[in-house]
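Trainee: Go ahead and model the full structure; you've got the sequences and the hints to work with.
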Amino acid sequence: MSAIALPTRQEVEDLLYREAALLDEWRLEEWLEMLTDDAIYQVPSTDAPEGDARNTLYIIADDALRIRSRVKQLLGKSAWAESPHSRTRRMITNVRVPGADGDSIAVTANFAVYRMRYEAVDTYIGRYDYRLAYFGKELKIRERRAILDNEALRPHGKISFIL
Amino acid sequence: MIFPNLVINDIMAITVRTFYPVSPDYMEVNAWALAPIDESAEDSTLRLDNFLTFLGPGGFATPDDVEMLESCQRGFVNREVGWSDLSRGMKSERPLSTDDLQLRTFWRRWNQLMTQPEPIRARNAA
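Order-wise, the sequence lines are chains A and B.
Residue 70 is where the first sequence starts when you use the numbering used here, and the numbers rise one by one after that.
Residue 113 is where the second sequence starts when you use the numbering used here, and the numbers rise one by one after that.
Hints were generated in silico from the structure; no laboratory data involved.
Hints may be right or wrong, so weigh each one.
Derived, one-sided and incomplete: chain B residues facing chain A with beta-carbon distance under 7 angstroms [unchecked claim]:
{"hint": "1", "residue": "A145"}
{"hint": "2", "residue": "T157"}
{"hint": "3", "residue": "L160"}
{"hint": "4", "residue": "G170"}
From the three backbone atoms N, C-alpha and C, an ideal C-beta is built for every residue, glycine too.
Mentor: Structure (structure tokens):
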């Protein structure tokens, strides 16, 4: 039995859907408010999806400071790959809340994220592993890992937005 | 840059790249992170983190470089003139690092290999 009361799947889905909407609408400052002060955001390499960022090269391994820098860059004028911003649409399904470790609540979900720009559609498919934590009554994101099923990043060649 | 398609970049970390123009509208760029064999676990973590900050498909710089490459290709497809102006520094005695000398050298060699008669081309390739 978990040490803390787990949120219902609906509560978790509300959080994930709200996050998806904020990211798709490029409301990144508001998205930052959904994260804890020590949040991390990771995307492992496609050839080592279960690797550890300490000894395996990731595509993205941001601590809270770098997440903020990333948002600042994306909302500025010099992020050429996203200026103008691409259109994105996130499908999030198969949400599960398997349990908690201390005060961190584990959540997994499947995703399909589409990115549209210059008449090309790039598709990112995979699984999210989240760690959520309660701050008072508010559920926040402490950790989000996007583990891609794509075997390679071709032809996209990049992850230039928040996946 | 080692002619024709190898790049070794010693910046935030050492990255080795190759590029293959597969078709007029598609190029494959491969990149590797170079590391010492006897690197300590701590150094490895630092190096990987440094690499990520700037380089790779999710770094703070490489996605914009990919965008530039794609933007250039879109531009080349749509323009009317059949040549590129790479004349910067052509008349200076001592070219600056920002001049186009290396570009002219690259394309002269490329042109030589592409236009010379077949037997010579075969001998050069051997």
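Trainee: All hints are to be evaluated individually against the structure, with a verdict given for each.
Mentor: Each hint tested on the structure:
1. A145: holds (6 angstroms)
2. T157: For B/T157, the interface hint holds, since the closest Cβ of chain A sits about 5 angstroms away, which is under 7 angstroms.
3. L160: holds (5 angstroms)
4. G170: It holds, given that the least Cβ distance between B/G170 and chain A is near 4 angstroms, below 7 angstroms.
Checked against the numbered hints above, the structure breaks none of them.
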